[in-house]
Amino acid sequence: MNQLVYLVPLFPLIGFLLNGVFRNYLPKNLSGLIGSGAILVSFVISVLLFIEVKNGLVINQTLFDFISVGELSVPFAFQVDQLSSIFLLIITGVGFLIHLYSTAYMHEERAPHFARYFAYLNLFVFSMLLLVLGSNFVIMFIGWEGVGLCSYLLIGYWFKNDSYNNAAKKAFIMNRIGDFGFLIAIFWMILVFGSTNFADVFSKAATMPVGAAALTGITLLLFLGATGKSAQIPLYTWLPDAMAGPTPVSALIHAATMVTAGIYMIARSNVMYTLAPVTQTVVAIIGLATAILAATIALRQFDIKKVLAYSTVSQLGYMFVGLGVGAYTGAVFHVMTHAFFKALLFLGAGSVIHAMHHEQDIRNMGGLKKHLPITHITFLIGCIAIAGIPPLSGFFSKDEILAGAWSVNKIYWVIGVIGAMMTAWYMFRLYATTFLGKFRGTPEQEHHLHESPAAITIPLIILAILSFVGGWIGIPEVILPDAHALEHFLAPVFAKSNELKQAHHIEHSTELMLMTVSVAGALIAAIIAWIKYSRKTDMESRGFGKVLENKWYVDELYDKIIVRPLYATGKFFNRQVEKNLIDWLVNGIGKLVHYGSRQMRWMQSGQVGSYVLLMVLGMLVFFVLQFFIKK
Amino acid sequence: MVPVLLILIPLVCGAVSFFIKSEGAVKTGALLSSIATLVVTLLGLTVLTSDSSIRAEADWMPLLGSSFSVAIDGMGKILCLLTAIAFPVIFISTHNSKYSNPHNFYALMLLSQAGLMGVFVAYDALLFYFFWELALIPTYFLCSQWGGERRIPVTFKFFIYTFVGSLFMLVGIIYLYSRTPDRSFALESFYNLSLTNPEQMWLFWIMFIAFAVKMPVFPFHTWQPDTYEQSPTAVTMVLSGIMVKMGVFGVLRWLVPVVPLGSWAWGDTVSTMAIIGMIYASLIAMRQDDLKRLIAYSSIAHIGLMCLAIFATNSMSMQGVMIQMFNHGINIIGLWIVVELIERQFKTRKMSELGGLAQKAPAMSVLLVILALANVALPLTNAFVGEFLMFAGVFNSEVTEYSKVYTVASAVTIILSAVYTLNMLQKVLFGNTSAVTAMGRDIRRNEKIILGVLVLMILFVGIYPKPMLDLTQETVDMIISKMINKHPL
Numbered sequence: 111m112n113q114l115v116y117l118v119p120l121f122p123l124i125g126f127l128l129n130g131v132f133r134n135y136l137p138k139n140l141s142g143l144i145g146s147g148a149i150l151v152s153f154v155i156s157v158l159l160f161i162e163v164k165n166g167l168v169i170n171q172t173l174f175d176f177i178s179v180g181e182l183s184v185p186f187a188f189q190v191d192q193l194s195s196i197f198l199l200i201i202t203g204v205g206f207l208i209h210l211y212s213t214a215y216m217h218e219e220r221a222p223h224f225a226r227y228f229a230y231l232n233l234f235v236f237s238m239l240l241l242v243l244g245s246n247f248v249i250m251f252i253g254w255e256g257v258g259l260c261s262y263l264l265i266g267y268w269f270k271n272d273s274y275n276n277a278a279k280k281a282f283i284m285n286r287i288g289d290f291g292f293l294i295a296i297f298w299m300i301l302v303f304g305s306t307n308f309a310d311v312f313s314k315a316a317t318m319p320v321g322a323a324a325l326t327g328i329t330l331l332l333f334l335g336a337t338g339k340s341a342q343i344p345l346y347t348w349l350p351d352a353m354a355g356p357t358p359v360s361a362l363i364h365a366a367t368m369v370t371a372g373i374y375m376i377a378r379s380n381v382m383y384t385l386a387p388v389t390q391t392v393v394a395i396i397g398l399a400t401a402i403l404a405a406t407i408a409l410r411q412f413d414i415k416k417v418l419a420y421s422t423v424s425q426l427g428y429m430f431v432g433l434g435v436g437a438y439t440g441a442v443f444h445v446m447t448h449a450f451f452k453a454l455l456f457l458g459a460g461s462v463i464h465a466m467h468h469e470q471d472i473r474n475m476g477g478l479k480k481h482l483p484i485t486h487i488t489f490l491i492g493c494i495a496i497a498g499i500p501p502l503s504g505f506f507s508k509d510e511i512l513a514g515a516w517s518v519n520k521i522y523w524v525i526g527v528i529g530a531m532m533t534a535w536y537m538f539r540l541y542a543t544t545f546l547g548k549f550r551g552t553p554e555q556e557h558h559l560h561e562s563p564a565a566i567t568i569p570l571i572i573l574a575i576l577s578f579v580g581g582w583i584g585i586p587e588v589i590l591p592d593a594h595a596l597e598h599f600l601a602p603v604f605a606k607s608n609e610l611k612q613a614h615h616i617e618h619s620t621e622l623m624l625m626t627v628s629v630a631g632a633l634i635a636a637i638i639a640w641i642k643y644s645r646k647t648d649m650e651s652r653g654f655g656k657v658l659e660n661k662w663y664v665d666e667l668y669d670k671i672i673v674r675p676l677y678a679t680g681k682f683f684n685r686q687v688e689k690n691l692i693d694w695l696v697n698g699i700g701k702l703v704h705y706g707s708r709q710m711r712w713m714q715s716g717q718v719g720s721y722v723l724l725m726v727l728g729m730l731v732f733f734v735l736q737f738f739i740k741k
Numbered sequence: 003m004v005p006v007l008l009i010l011i012p013l014v015c016g017a018v019s020f021f022i023k024s025e026g027a028v029k030t031g032a033l034l035s036s037i038a039t040l041v042v043t044l045l046g047l048t049v050l051t052s053d054s055s056i057r058a059e060a061d062w063m064p065l066l067g068s069s070f071s072v073a074i075d076g077m078g079k080i081l082c083l084l085t086a087i088a089f090p091v092i093f094i095s096t097h098n099s100k101y102s103n104p105h106n107f108y109a110l111m112l113l114s115q116a117g118l119m120g121v122f123v124a125y126d127a128l129l130f131y132f133f134w135e136l137a138l139i140p141t142y143f144l145c146s147q148w149g150g151e152r153r154i155p156v157t158f159k160f161f162i163y164t165f166v167g168s169l170f171m172l173v174g175i176i177y178l179y180s181r182t183p184d185r186s187f188a189l190e191s192f193y194n195l196s197l198t199n200p201e202q203m204w205l206f207w208i209m210f211i212a213f214a215v216k217m218p219v220f221p222f223h224t225w226q227p228d229t230y231e232q233s234p235t236a237v238t239m240v241l242s243g244i245m246v247k248m249g250v251f252g253v254l255r256w257l258v259p260v261v262p263l264g265s266w267a268w269g270d271t272v273s274t275m276a277i278i279g280m281i282y283a284s285l286i287a288m289r290q291d292d293l294k295r296l297i298a299y300s301s302i303a304h305i306g307l308m309c310l311a312i313f314a315t316n317s318m319s320m321q322g323v324m325i326q327m328f329n330h331g332i333n334i335i336g337l338w339i340v341v342e343l344i345e346r347q348f349k350t351r352k353m354s355e356l357g358g359l360a361q362k363a364p365a366m367s368v369l370l371v372i373l374a375l376a377n378v379a380l381p382l383t384n385a386f387v388g389e390f391l392m393f394a395g396v397f398n399s400e401v402t403e404y405s406k407v408y409t410v411a412s413a414v415t416i417i418l419s420a421v422y423t424l425n426m427l428q429k430v431l432f433g434n435t436s437a438v439t440a441m442g443r444d445i446r447r448n449e450k451i452i453l454g455v456l457v458l459m460i461l462f463v464g465i466y467p468k469p470m471l472d473l474t475q476e477t478v479d480m481i482i483s484k485m486i487n488k489h490p491l
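The listed protein sequences correspond, in order, to chains U and B. The opening residue of the first sequence carries number 111 in the numbering used here; numbering runs sequentially from there. The opening residue of the second sequence carries number 3 in the numbering used here; numbering runs sequentially from there.
Please keep in mind that the hints were generated in silico from the structure rather than gathered at the bench. A few of these clues could be false.
[As the list claims (entries may be wrong)] Taking lysine to aspartate or glutamate and the DMTMM-like style, the derived pairs with C-alpha atoms no more than 25 Å apart in a straight line are:
no.: 1; chain 1: B; residue 1: K352; chain 2: U; residue 2: D272
no.: 2; chain 1: U; residue 1: K681; chain 2: B; residue 2: D291
no.: 3; chain 1: B; residue 1: K468; chain 2: U; residue 2: D175
no.: 4; chain 1: B; residue 1: K362; chain 2: U; residue 2: E218
no.: 5; chain 1: U; residue 1: K270; chain 2: B; residue 2: D292
no.: 6; chain 1: U; residue 1: K670; chain 2: B; residue 2: D291
no.: 7; chain 1: B; residue 1: K362; chain 2: B; residue 2: E345
no.: 8; chain 1: U; residue 1: K270; chain 2: B; residue 2: D444
no.: 9; chain 1: U; residue 1: K656; chain 2: U; residue 2: E666
no.: 10; chain 1: U; residue 1: K689; chain 2: B; residue 2: E151
no.: 11; chain 1: B; residue 1: K484; chain 2: B; residue 2: E201
no.: 12; chain 1: U; residue 1: K520; chain 2: U; residue 2: E609
no.: 13; chain 1: B; residue 1: K352; chain 2: U; residue 2: D693
no.: 14; chain 1: U; residue 1: K270; chain 2: B; residue 2: E25
no.: 15; chain 1: B; residue 1: K159; chain 2: B; residue 2: D228
no.: 16; chain 1: U; residue 1: K548; chain 2: U; residue 2: D413
no.: 17; chain 1: B; residue 1: K159; chain 2: U; residue 2: D693
no.: 18; chain 1: U; residue 1: K270; chain 2: U; residue 2: D665
no.: 19; chain 1: U; residue 1: K701; chain 2: B; residue 2: E151
no.: 20; chain 1: B; residue 1: K352; chain 2: B; residue 2: D228
no.: 21; chain 1: B; residue 1: K484; chain 2: B; residue 2: E59
no.: 22; chain 1: B; residue 1: K484; chain 2: U; residue 2: E181
no.: 23; chain 1: U; residue 1: K689; chain 2: B; residue 2: D228
no.: 24; chain 1: U; residue 1: K681; chain 2: B; residue 2: D228
no.: 25; chain 1: U; residue 1: K138; chain 2: B; residue 2: D444
no.: 26; chain 1: U; residue 1: K611; chain 2: U; residue 2: E587
All figures in this text were calculated on a predicted structure; none of them were measured in a lab.
Using the sequences and the accompanying hints, generate a full structural model.
Encoded structure:
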């Protein structure tokens with residue numbers, strides 16, 4: 111098994127090549143089969159690897175020397191430990207369900223485009239697997255930019271639409287800003303540790319003092335990378351726009367996997383973060399601010415996918431809070447449960463959009479409960495899970511993060527709970543507006559309403575089950591002693607961090623009290639929203655609601671203070687500096703030469719007399735010069 | 003033996019071409035000549051690696067202390083390989099282009115190739131200068147005879163720029179020669195010179211200007227966008243793909259090891275110029291509508307990074323420069339081929355008039371996307387390896403206190419390059435077709451093959467750069483040791 115790690119990314123790569131190269135010749139069912147089959151095989155191997163690493167084993171495999179220059183050696187090497195194993199299972203498992211779902215969802219596409227879609231999707235899975243399998247930061251970065259590329263290609267999948275292309279471009283560029291930070295962090299690691307291999311970097315970092323400047327710098331730069339990929343303040347604005355892509359893409363890339371890459375990266379580098387308390391505070395505060403900001407925006411969105419997108423940004427914020435307060439297991443746990451319920455919600459939204467013939471505005475929906483029974487019930491499970499209501503999965507992971515927040519700073523907890531209440535509110539607003547009440551669409555839409563085919567409902571059902579029970583692998587001590595299987599499993603990964611930081615233990619009674627408060631808050635919010643929005647739908651936003659609907663005008667702000675000045679500078683350089691300054695200087699020199707030669711023309715007038723005069727003058731000059739030089 | 007052949011084959015074929023009147027014959031002849039050169043180069047890289055086959059020495063001007071001394075070291079190998087690959091690619095991809103007086107056109111192209119090869123293998127300063135001019139002069143004619151509407155003033159500007167630079171360099175070479183104890187132009191004698199500090203201060207600039215113009219480095223660059231735009235695309239490919247490397251190469255072989263103290267002293271000045279140029283050119287690239295000008299400015303930014311990395315003087319940065327010299331050539335030639343194909347079909351290079359080609363020309367679109375990704379140095383394309391090493395080298399540089407500032411400032415261009423490159427993709431490939439592109443068709447099979455070959459090279463070097471890096475390690479160690487030996491610290 112140890113030497114088979116490379117097979118995990120290999121199959122998606124083959125799938126990509128087959129679908130990509132032969133896209134004009136493959137019938138649709140075959141390209142769907144290749145695309146989904148490749149991921150299924152990877153999933154099976156991932157399960158085998160999981161069994162292998164369960165006993166605390168770490169598998170390493172070096173394929174070849176990638177970059178090797180002087181002291182620096184970057185092998186193309188993989189490493190499977192408990193953390194990467196969890197991510198492997200999420201990526202290939204949820205990934206397979208979404209591939210399966212796509213075979214039905216994308217059936218309207220013509221065959222070459224259908225194959226192109228699966229090629230991109232497989233390439234994405236390949237890159238994502240590189241990201242979590244790499245045993246050094248460079249391989250991780252390869253995957254990191256690779257998923258960014260696939261995200262770009264898939265957001266702009268319907269390339270005739272210019273606003274989709276703009277969204278794709280925006281996603282790539284904002285990610286690039288983050289990648290800039292990531293890259294510089296890598297260079298800094300080379301300077302400090304002489305290597306980018308996880309083993310070398312982390313063992314050397316562990317010997318450094320707490321708060322070492324280099325560690326703070328490196329971790330902050332890595333975090334800048336994470337804010338790009340995982341859509342945190344200030345780089346989050348691309349994610350809601352990314353909803354331009356096909357809905358299964360939103361589920362896979364922009365909810366379940368790619369956007370959690372930042373969490374993976376920080377969890378992977380936990381030793382460095384634990385030793386950089388300043389960075390941890392920054393991470394926690396940015397995470398918290400993002401969680402709240404995105405939640406407020408989600409309150410006033412009308413596009414079903416936009417609500418889910420802001421919800422994703424907000425939930426990612428919670429994961430960063432977990433990382434920031436040192437609750438690494440909790441953050442990874444939330445990645446996992448979030449992958450289940452957010453993929454479920456997106457796929458459910460896709461099923462709704464599919465049934466409604468590409469309608470995405472929830473104001474034109476309503477009463478879908480009886481038309482789409484499976485979609486309805488699974489979507490409801492997703493809502494309960496994300497709202498953090500026990501015993502569904504979201505409760506357990508969110509609770510672990512909130513408990514960690516309390517132990518570091520009680521204000522974090524208070525804000526976190528307010529955010530959790532907003533989550534419950536906007537999710538049940540979404541649920542009630544979409545599925546309850548009366549149908550508000552056109553009669554024609556109503557006529558065509560029908561439950562989606564099995565390729566769509568089966569993934570929904572599986573994800574609903576996972577969203578329900580997925581949290582039970584991390585039952586907190588206070589409810590059931592020694593039942594946190596995930597913590598035991600991940601223990602080796604975070605061992606060093608746990609050793610380095612002093613543990614904050616919360617009294618069991620306090621923890622129970624906190625739990626009760628947050629669950630009660632979420633429940634109340636959910637019930638009020640349920641009742642309110644099943645009776646009446648809100649149509650127009652007024653006053654402050656308008657600000658929220660317009661996303662706090664952050665896009666407009668960025669446009670004003672960054673994009674426009676940048677283009678204006680480019681214009682200034684192009685029109686003024688380049689043409690009127692530099693070229694002017696060069697042409698000036700040219701003119702000077704021209705002028706000079708015109709002035710010298712009289713010297714060659716062809717009159718013997720003037721030549722003689724010049725000759726005499728020249729001799730005089732030489733004579734004088736020689737006289738002086740001799741002295 | 004090998005270096006002599008690399009010069010002789012194009013030189014002789016070029017001279018013969020002047021007298022062939024049939025267009026078909028001269029095209030075939032030029033292509034065969036370039037393929038023969040490629041074969042010899044590949045043999046030199048693989049089989050004929052003995053010292054006697056990669057070195058040659060003959061009397062040239064013994065009274066002056068100059069000899070015909072040529073050899074291929076690691077850096078020479080990588081650049082000869084680039085030159086040898088580039089010419090067949092250029093000839094094949096522009097096979098359908100029509101030129102008046104084709105015999106003169108192809109003859110000049112081949113002469114220029116001979117000059118380029120000579121520059122990369124010369125181990126004698128006078129010989130180097132001779133080939134330097136041999137490479138440049140044909141391009142003046144190519145550009146002024148076969149160029150676009152504004153070719154005359156543009157070529158004149160190009161000529162003045164490079165000519166002034168060359169003259170300065172000649173003065174520098176002659177001065178260095180006068181300081182050698184045995185009056186010799188040999189590279190080895192130049193390396194062994196012991197020059198005083200003040201001498202090196204001015205010698206550095208007098209030599210650097212020639213190379214800086216050629217690269218080009220801000221603010222010596224304004225000839226470049228105009229010349230790229232006005233030259234026939236085949237010539238633009240030679241200029242941007244290979245000839246700019248003459249500047250980088252010149253700095254690496256004839257400048258920094260010869261005047262190390264000057265290089266230390268002026269390193270920060272040059273680095274600052276390079277960084278300003280990178281950002282400046284990237285911002286201007288964002289405002290271009292003409293594809294050729296966009297690529298030209300993008301290239302200024304990329305070359306600026308090479309210049310910056312040279313002066314960081316460590317194994318990583320220099321290796322990055324080496325491999326990037328090759329990569330940049332491959333990538334930019336690929337981009338020019340696409341521009342040429344677009345222009346030939348739609349009679350315009352303006353992005354605002356194009357659009358929607360992804361529907362009309364899917365094969366070309368895929369290839370252009372990969373080329374564009376290489377242009378933004380996405381991992382697993384060749385340019386990532388080069389840029390990663392260069393940035394890492396600059397960050398880890400021990401010869402300047404500003405290494406971190408340099409890296410952060412220059413790395414901003416990786417964001418800006420994404421902006422203008424993706425803009426280009428969007429305007430050319432995506433969206434709806436325009437009036438111009440509505441009747442577009444995909445590229446032909448031979449065009450697909452040639453671009454496909456370039457794309458495969460991009461991916462191969464991007465995934466497995468080791469063979470390339472191994473090739474130049476020795477040269478890099480040599481240059482660094484020459485510089486470090488004389489480091490004042």
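Taking the hints in turn, this is what the structure says about them:
no., hint, in the structure
1, B/K352 x U/D272, "holds (18 Å)"
2, U/K681 x B/D291, "holds (12 Å)"
3, B/K468 x U/D175, "holds (7 Å)"
4, B/K362 x U/E218, "holds (21 Å)"
5, U/K270 x B/D292, "holds (22 Å)"
6, U/K670 x B/D291, "holds (23 Å)"
7, B/K362 x B/E345, "holds (15 Å)"
8, U/K270 x B/D444, "holds (17 Å)"
9, U/K656 x U/E666, "holds (14 Å)"
10, U/K689 x B/E151, "holds (19 Å)"
11, B/K484 x B/E201, "holds (18 Å)"
12, U/K520 x U/E609, "holds (23 Å)"
13, B/K352 x U/D693, "holds (23 Å)"
14, U/K270 x B/E25, "violated (43 Å)"
15, B/K159 x B/D228, "holds (9 Å)"
16, U/K548 x U/D413, "holds (18 Å)"
17, B/K159 x U/D693, "holds (10 Å)"
18, U/K270 x U/D665, "holds (23 Å)"
19, U/K701 x B/E151, "holds (22 Å)"
20, B/K352 x B/D228, "holds (15 Å)"
21, B/K484 x B/E59, "holds (23 Å)"
22, B/K484 x U/E181, "holds (19 Å)"
23, U/K689 x B/D228, "holds (11 Å)"
24, U/K681 x B/D228, "holds (17 Å)"
25, U/K138 x B/D444, "holds (23 Å)"
26, U/K611 x U/E587, "holds (20 Å)"
Checked against the numbered hints above, the structure breaks only hint 14 and satisfies the rest.
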